[in-house]
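K.L.:
Sequences and hints are given; from them, build the entire structure.
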Amino acid sequence: MGKSVLVFGEVLFDIFENKTEIGGAPFNFAAHYAALGGEAQMVSAVGEDALGRVALGELEKRGIGRKYFSSVHLPTGSCRVTLKNGTPSYELTSNVAYDYIPYIEPEEEYDALYFGTLAQRRDISRNTVSELLRRNYREVLLDVNVRKPYLTREILKKSIEKATIVKISREEASYLLPYTSPEHYCETMLAHFPQLHQVILTLDKDGAYVCDRQQGGFLSPKPCSKALSTVGAGDSFCAAYLFHILSGHSIPTALEAATVLSDYVVTQLGAVPPLPDELRCRILKG
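Take 1 as the starting number for the sequence shown in my numbering and just add one per residue.
One or more of the hints may lead you astray.
Under the rule of at most 27 Å between Cα atoms (straight-line distance), these lysine-lysine pairs were calculated in the DSS-like manner [said to hold, decoys possible]:
| # | residue 1 | residue 2 |
| --- | --- | --- |
| 1 | K19 | K148 |
| 2 | K148 | K67 |
| 3 | K162 | K67 |
| 4 | K205 | K148 |
| 5 | K61 | K285 |
| 6 | K226 | K84 |
| 7 | K226 | K205 |
| 8 | K162 | K84 |
Worth flagging that the hints you see were computed from the coordinates, not collected in a lab.
P.N.:
See below:
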């Protein structure tokens with residue numbers, strides 16, 4: 001089965017206290033997806049500056065497609081990241097390249113579209129993803145990323161209405177609906193949005209819960225590793241999960257693979273650490 005994915009959203013640089021690293025949830029997702037052997041084509045924009053040139057080099061190095069990638073006359077996106085007990089907080093810059101992602105008509109059909117919410121904070125990029133959503137895909141995965149004040153409930157609701165799979169964290173779940181338990185929350189989401197067929201609720205150290213409209217609920221294995229940093233963990237989880245779903249594998253298989261990859265990522269410094277061959281083979285085993 002085909003596993004090609006269009007990936008819409010921000011490419012930015014995370015500025016830590018002692019280093020600067022390329023990031024952004026869509027970039028992290030695409031890098032992990034490509035590392036597993038899938039085709040990831042990014043729809044994004046960077047500036048015509050030094051960071052933009054670094055970003056283009058990173059895409060090439062990681063095997064991420066850039067047919068629909070643009071360079072614009074604005075600074076490349078950046079974000080100051082502060083870690084407290086391994087948990088990140090973010091301070092984003094505004095009016096940057098990924099706020100102005102132009103629409104380029106895709107030349108071919110793709111099996112899935114991955115899109116997030118942060119890059120929808122301005123009209124131009126929001127219009128671009130709206131055009132991409134007019135096309136046909138086997139799956140449309142929305143990765144919810146609540147960054148106040150940029151995300152409104154209206155944008156979030158409209159985004160969910162276009163998705164077939166939504167991934168949201170337990171910490172961010174109550175931004176949309178009241179949260180009581182994983183089961184109740186996911187069932188409520190499916191009731192509110194009839195076109196959805198899966199909700200993925202990530203639960204940090206408790207793993208993740210998936211509710212499928214036809215098959216019911218599934219709880220992932222709990223992560224085994226002590227987290228050094230959670231930056232990129234959710235993105236890696238998403239990449240491995242979608243890779244297996246598009247491969248025609250079961251939800252439990254996809255959940256186990258996603259847990260293995262994200263469990264490794266939290267032990268590393270960096271959102272997209274090198275993937276050892278042995279671990280890659282374990283993740284791909286379906």
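K.L.:
If you check each hint against the structure, which ones fail?
P.N.:
Numbers 2, 8, in rising order.
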